[in-house]
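Given the sequences, and given the hints that come with them, work out the whole structure.
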Amino acid sequence: MNDDWLFHYGELQQQPRKISKKALALGGYTAPLPNELGSRLPISEGGRNFLKLIAGGNETNGLKALTDTDLTSKLDDSWKKIDIPHDWQRDEPYVEDVNKAMTGSKPDSIGYYRKTFQLPKDDSDIFKTVINFEGVMGITDLWFNGAYLGRHNSGYSAFSYDISEMAHYGSEGTNVILLKVDKTSGSEGWWYEGAGLYRTVWLEQEASISLNRASAYIYTKKLTTSYAELGLECMVENNSENTQIIAPKIILDGQTMIQFEPQSINSLSSYTFKKSIKVTSPKLWSPENPQMYQAAFIIPNDEIDKKFGIRTFEYTTEGFFLNGTKYQLRGVCEHQDFAGVGIALNQDIVDYKVKLMKKMGVNAWRSTHHFASPELLQACDKYGVILINENRLLESTPWRINDLERAVKASRMHPSLAFWSIANEELSGNTAVGSRIAAKLVRTIKKYDFEHLIISAELLTPSGELNADYLENLDVLGVNYPEAEVMGPSAKRIKQRYPDLPMMSTENASYFSTRGVYQDNLEKSQCNNLGSYFSMVLPGIRKKGDPGLGGTAHPERTLQYMKENPYMGGVFLWTAFDYYGEPAPFGWPAISSQFGIADLCGFPKDYYYYYQANWTNKPMVHVMPSWNKKQIEIDDKGMTNVRAFSNAAELELFINHQSFGKQLVKDGQVNWHVQYQSGSLVVKAYQNNQEVASDSQYSNMELKNITCDKLFEGTTTNLYKISAFDDNDHLLSSANNEIKIQVENGRIIGVGNGNPIDHSLSGKTSVKLFNGLAMIIVSKTNESEPDINLKLIKF
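Per the working numbering, the very first residue in the sequence shown carries number 7; after that it's consecutive.
Hints listed in this document are in silico derivations from the structure and should not be mistaken for laboratory results.
Note that this is a predicted model, so its numbers are computed, not measured.
Here are the in silico distance ranges between beta carbons for each label pair:
1) S84 <-> Y573: 54 to 64 Å
2) E789 <-> G260: 26 to 36 Å
3) E697 <-> L528: 40 to 50 Å
Derived pair list, reagent style DSBU-like, types lysine-lysine, alpha-carbon separation capped at 35 Å:
4) K501 <-> K453
5) K452 <-> K498
6) K332 <-> K289
7) K770 <-> K530
8) K28 <-> K80
A virtual CB, placed ideally from N, CA and C, is assigned to each residue, including glycine.
So this is what it looks like as structure tokens:
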């Protein structure tokens with residue numbers, strides 16, 4: 007149900023009411039309009055007669071007088087046709103408002119979504135019709151066929167409504183769903199959250215005797231060298247008028263059949279079938295080999311298909327263990343937005359993000375600070391990334407618990423899921439109240455999930471003292487930034503006080519950098535990739551030795567801490583990509599963060615290659631900075647710094663073909679301090695005295711050409727990189743030109759460039775280059791390959 011929605015920006019002239027004097031009588035946009043199939047509400051013969059009696063024979067006047075039904079609202083050109091996913095804030099202008107800087111410098115507003123759809127004539131075996139929403143950002147009120155359904159508060163959790171009885175079937179007419187999404191009442195996060203109907207909507211119909219989708223569950227109970235013991239569960243619901251005898255079966259990979267014993271299920275009751283089986287010589291899921299099994303849960307007239315993986319997770323005072331073997335987590339933290347589209351990410355864009363990080367050597371992902379989307383879960387399963395799924399807040403209110411229950415049931419069978427994080431940096435953590443709330447959250451998780459580890463990403467305590475009751479709820483204590491000097495020796499003190507407490511790094515680094523930039527620049531909100539003198543905790547450009555310089559912790563310090571403290575499990579770098587909002591260390595005009603290892607588009611920054619050098623084996627080398635005199639720092643003696651990252655044994659630097667000798671690679675990098683000479687900068691990498699890789703930078707000439715290359719081909723969406731080249735066909739890293747775009751056989755859904763102060767709206771007809779690069783995101787409209795034409799607008 008993602009296609010052909012109507013969207014209205016702003017409040018409606020006549021707001022839909024939530025209560026009415028008669029059933030299904032709200033009318034207006036909540037019900038079929040005069041030009042749509044069906045009546046505003048079903049009215050019996052007696053009802054029509056009564057309405058005429060009270061209004062001098064005029065049924066319409068009677069309806070207005072009796073129920074105050076909205077009879078005047080109509081669709082006009084303020085309602086725009088859109089498809090889901092949709093984030094309306096990406097199209098709003100940026101505003102200079104200090105109160106909105108953290109959340110992306112976008113105004114908050116209200117939007118309405120309306121969709122009409124038909125349902126076939128009621129099948130006698132269809133018992134239930136449910137509409138499901140995977141995510142709507144903003145406080146959401148919903149109406150259906152003239153009645154108010156209810157409210158959903160969180161933009162990070164899925165929800166659904168049973169519309170079985172109120173739905174119109176066949177000739178009964180059109181069905182109408184209306185959503186009011188309100189972003190004016192505050193935000194859940196301190197980052198850019200977006201606004202609107204940004205995740206999948208789908209309709210589900212169930213027979214009177216059916217499998218409960220959320221309760222279908224396969225999990226690993228035990229793993230030995232020769233077999234795996236699996237637990238199997240599925241619930242059958244009997245909503246028929248008679249007792250039924252049901253014997254479900256599960257078919258694994260289309261071959262192995264597991265049969266449950268028949269069970270008598272009373273009318274209007276349910277039964278959960280449980281069974282254990284052994285799988286000999288199982289194919290194990292891991293990041294290096296993400297093997298999955300296909301499971302079909304089957305009863306007569308119903309089937310549910312799910313994937314699962316066989317694997318085990320354990321965490322001790324020595325660190326993390328996967329499938330019984332100690333395993334180092336090379337993780338990233340990540341919000342859920344992307345260049346041009348905001349939070350409206352489809353499966354293809356999520357796949358692109360995950361694959362890019364895998365190429366860097368990542369094997370773990372923390373969904374911060376909210377539940378993972380279905381798309382992220384699927385990508386982590388498929389590409390082999392261990393996942394931390396994070397609860398939004400340390401609260402046990404009924405609606406938060408309901409959200410958590412649903413997320414647990416939806417996530418628990420995904421093979422990538424290893425950890426549940428109950429909270430992030432909560433002020434109430436490690437208090438008596440926090441302990442009671444944590445206990446409720448953990449009970450909720452463990453009621454439905456029998457495999458995964460419970461953690462919390464905690465603020466470090468200077469004393470190292472923790473609340474014992476709070477710790478009782480956790481399998482592992484997660485701590486953020488244990489490597490950072492600004493945090494002091496807090497993590498070490500905790501380890502000394504609690505030597506038997508498993509501890510884990512859950513957030514690390516937070517290193518400032520702007521792609522392609524090698525000079526700090528306050529006016530342009532840019533940070534030097536070689537190391538910024540902006541501070542995480544102090545304003546303005548600082549001096550060497552000041553706290554928080556360049557971010558919370560430098561990448562080198564982060565990986566050093568990782569090596570020196572293996573019991574911490576690994577790292578989770580903040581963040582994989584830049585994200586909108588939280589523009590530290592700057593204010594306006596910056597509108598995005600610069601913590602990312604890649605920019606908003608996924609174009610790698612220099613330190614992407616530092617991690618790749620330390621985390622991958624395929625020979626590689628990357629040299630920085632760019633070799634344009636105006637873009638780099640040169641001292642009064644004409645000297646400048648050159649840095650290269652590599653996983654090879656030795657590197658050799660050449661400037662204008664002159665060798666500066668070979669140097670041994672230590673911890674993935676080599677540094678030189680050299681005289682700047684315009685021309686070529688080349689680094690060659692050697693293993694066993696054989697050249698295995700090379701990289702180069704060049705002093706640029708004039709712009710000669712722009713190219714468009716496909717970065718990623720998805721099922722419905724392609725991502726393209728626009729690059730500028732000079733007369734020598736070298737990347738023109740200083741190019742910031744505007745490019746006009748025309749696309750055939752496709753539709754542009756977003757553009758971007760990674761510039762943290764670019765206030766251009768995603769107008770989808772042009773894009774500005776930033777340091778030589780830009781991105782176009784194209785939705786395919788047919789089977790033909792999209793055809794993209796570029797035109798330089800100005801120099």
